[in-house]
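The task is simple: from the sequences and hints, build the whole structure.
Read top to bottom, the protein sequences are chains A and B.
In this text, residue positions in the first sequence follow my numbering: the first is 1, and each later residue adds one.
In this text, residue positions in the second sequence follow my numbering: the first is 1, and each later residue adds one.
The set of hints was computed from the structure by calculation and includes no laboratory data.
Errors might be hidden in some of the hints.
Stated by the list, open to error - Taking lysine to aspartate or glutamate pairs in the DMTMM-like style, the calculated list, with each CA pair at most 25 Å apart, reads:
#1 Lys164(B) with Asp128(B)
#2 Lys4(A) with Asp143(B)
#3 Lys62(B) with Glu28(A)
#4 Lys164(B) with Asp9(A)
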Amino acid sequence: MRDKHPIDDLFREALRNASAEPPPHLAEAVIGAAQQRRRAFGWFRRRYVLGGLLLLTAGAVGYWQLRARVGNGDPSFGEPSIAHSPTPLEAETPTLSDAKNGEHPVGTITTKTDAASENGGSTTRAQKQMGASYPDLTNEGLAASVVSPNVEGVKEQHGRTLVEPVEPTSEYRTDLVVPDPAITTLVPASPADGVGTYGTSSALLTSGTVLADAAPMRLWPRFPSQQDAVGLPVAAIIHPAYVLPRGDWWIGAHSAFYASHREWSGGSGVLSDALNESEAWTSTIGLGLMGGRAWRSGFGVSSGVESERSEQAYRHVDKATSYESVVNTQMVTLNTQVYYTTVDTVITPTIRERVSAGSDTRTTWRIPVEASWRTRMGRWVLGARCGFAAEFTRARASASLINDDALGGISSAELPPTALSERYPFSMVGVLGADVGFLLQERWIATASPIYMRGLFNAASANSVSSSPERAGVRLQLCYTL
Amino acid sequence: MRELTERELIKGCLEGERRCQEILYSRYARRMYAVCLRYARHELEAQDLMQEGFIRVFEKLKDFRMEGSFEGWIRRIMVHTSINQYRKKSFQQERFGMERMPEGEVGPEAVGRLGEAELLAMVSSLPDGYRMVFNLYAVEGYDHAEIAELLGCGESTSRSQLAKARRLLQMKINASSTPAYAGQAPH
Chain A
1 MRDKHPIDDL FREALRNASA EPPPHLAEAV IGAAQQRRRA FGWFRRRYVL GGLLLLTAGA
61 VGYWQLRARV GNGDPSFGEP SIAHSPTPLE AETPTLSDAK NGEHPVGTIT TKTDAASENG
121 GSTTRAQKQM GASYPDLTNE GLAASVVSPN VEGVKEQHGR TLVEPVEPTS EYRTDLVVPD
181 PAITTLVPAS PADGVGTYGT SSALLTSGTV LADAAPMRLW PRFPSQQDAV GLPVAAIIHP
241 AYVLPRGDWW IGAHSAFYAS HREWSGGSGV LSDALNESEA WTSTIGLGLM GGRAWRSGFG
301 VSSGVESERS EQAYRHVDKA TSYESVVNTQ MVTLNTQVYY TTVDTVITPT IRERVSAGSD
361 TRTTWRIPVE ASWRTRMGRW VLGARCGFAA EFTRARASAS LINDDALGGI SSAELPPTAL
421 SERYPFSMVG VLGADVGFLL QERWIATASP IYMRGLFNAA SANSVSSSPE RAGVRLQLCY
481 TL
Chain B
1 MRELTERELI KGCLEGERRC QEILYSRYAR RMYAVCLRYA RHELEAQDLM QEGFIRVFEK
61 LKDFRMEGSF EGWIRRIMVH TSINQYRKKS FQQERFGMER MPEGEVGPEA VGRLGEAELL
121 AMVSSLPDGY RMVFNLYAVE GYDHAEIAEL LGCGESTSRS QLAKARRLLQ MKINASSTPA
181 YAGQAPH
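Right, dumping it as C-alpha cells:
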C-alpha cells in the first residue's frame, strides 16, 4: 500500500509535467548520433547485400559454365551424348532391341564410311584428326581407345564387355551399347581409386570400347569441347586423353565475420594503457577476393585482397577533482582573555566529469599470402592454413585520447589526420586458420575457415603510440577451380 | 505547414528521415530533459542521459505498437536509461547526518513560493540512491516492490531511502523558506 506524504504530492504536482530547455548543442548530438548509427547499420546491410550479390554472381557464372559444358556434350557432366559424325551422316535413329540372355540391349547407327576407311587403312580419319588436334595422344592410346570402324556387336567374356571387329565393308555399323548397371563396376568411380569422377560407365560403354584395355584413366581428363568434336567420329570423342595436371588454379570470393580489436603500445605507457582501456572487441565484416594454386599433394598457396570496415563505439569520461578548503576558527573570549580556541578545516571535494562519446570508423585493406594443406574425405575437404598479411588501416575518429599535462593528464581531443594515421601504421599480421569445405560441384567448393590474426610488427617508431590488430572469426569462401 | 501527426512522425523516423527525427526531438525534448535533470546529479549527466535516452528511443521506435501514449513510452525509456546508468555506476552512498534530521511538516507558504526550478534543484542535490527512489516513488508512481526490482535492492532499502529523501527535502524546503521570513512583520 502506498503511503501518502505531502512532500511527495508537492514534488509530483510540480515536477511530473515540468519542462526545461535543453542546451542547443544537444539536439545536434542526438540527431547526429542517431543518423550515424543508422548509416552504420545501413552500411552493415549494404555489406550483406554486396556479399550476397557477389556470391549470387559467382553462383550464376558457375551455373552458366556448367550448363555450357553440358550443352557441349562434355561427358563429365550429365548424360553422355553421341558425338557428331565426321562425315555427313545418314544416320538412322538408334533403336533399342530387347535384351537377351547374356547380352546387352543394343541400338544401331549406320553411317557411310569415309575415304580412309574405304581404303582399308588401319588408321581412321578420326585418328588422323586426333593426331593433328591432339599431338599429345599416342598411337598406343588411340589404338586402345579408338574402336575399329566395323563393329558387329557386343559380347561378354570373362565379365568384360568386348567389341568384336568384323571385316571392312563399304559401310560400318557402330553398335550403341546402352549402359548396364553391371558394367559400371568396371569403371572406377572414386577419386580415391586413382580415377577421376569422369568417364561414367555409360559414356565409355556407348562407344563400345573394352574398358579394361583402354588407356589408363587418370585424374582430370581433358575433354574436347563441342567445337573440337566436329569432324571426329564417335569413338574418338568419347575417349579423350587423360591428362594429369600437377595442380589447379582457383579463384574465390569470400566474406568474413570477425571479432576484432586493437592493442595499443609505445610511448610512455600511460596513454597506451588508457587507449587499451577504452578499446573493446567489436564485430566486423570483411569482403575479399582470393586466388591460388592447389597441388595434388594437397598443399597450396593463395593470395588476394580483403577489405574490412569496423565501427568502434568510443566513450571516455574525463574526471577532474578540485578541493575547496574552508577554515573555521572559534574562540571563546572574556574581555581580552582567550579561553578556548578551535580551528576546523573543512575540505569539500568537487568532481567534474566530461563525457566524450562518439564512434570511430576504421577501414582496413589487407593483402594476405597464405599456405595451406588440404585432404579430401569424400566430398568433404579438411585442411589448415597459415600465412601473413600486409595491412593498411585508415581511421576516421570522432575523438581520441591524448596525454596532456595542461589538461590534467589523459583527456579526449580531436586529433589531426596526420597524428591519427600515425596511430594506425602499416602492419604485418600473422594468419592461422583451419578449413572445412564441401564440394558442391566438380569445380565448386564452399569453405568455412575459422581464422585468427594477430599483428606481428608495424612500421611505427617506438616513441609514438600505435596499435596492432587482433581478430578472430570465420571466413566463408566460395571457390571455382579453373 | 501542416504539423505532422504522431504516426507520420514515427514512420518518418523509422525511415531515417532527419527532419522527422528533429521534429520528434524538439517536440519532446523539453519535458524529457526535465525528467533527465530529476535523475541526474548535474546538468552534464542529464545531457548524457538525454542523449542516450533519445538514441534508444530512435532505436526502439520499431517496437512501439502505436498503442497508448507515445510521450509516456518515451518517458519510460528515459527513466529506464537513467536507472541503467545508475546501476552501472557504484555510487558512494551519502548518509552523513541523515539519521538525525528533524521530522516536520512542509509549510504551505514555502510551497507556494517554490518554483519548478528550485524543486528540481532540490531533487538533483539529493544523494543518488535517495534521488532515484524518490523520483520513482513520488513522481513516477512506482511502488517499493517495483523499485526494488528496478534498482536491484531490497524493499526495505527502498523504504528507508524514501524516508530519508523526504526528510532531506523537507529540510531543504524549510531552509529555503527561512530567509524569506526573516525581518518580515506579521500582518
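Right, here's what the structure says about each hint:
no., hint, in the structure
1, Lys164(B) with Asp128(B), "holds (12 Å)"
2, Lys4(A) with Asp143(B), "holds (12 Å)"
3, Lys62(B) with Glu28(A), "holds (22 Å)"
4, Lys164(B) with Asp9(A), "holds (16 Å)"
Consistency with the previously given hints is maintained throughout, with no hint failing.
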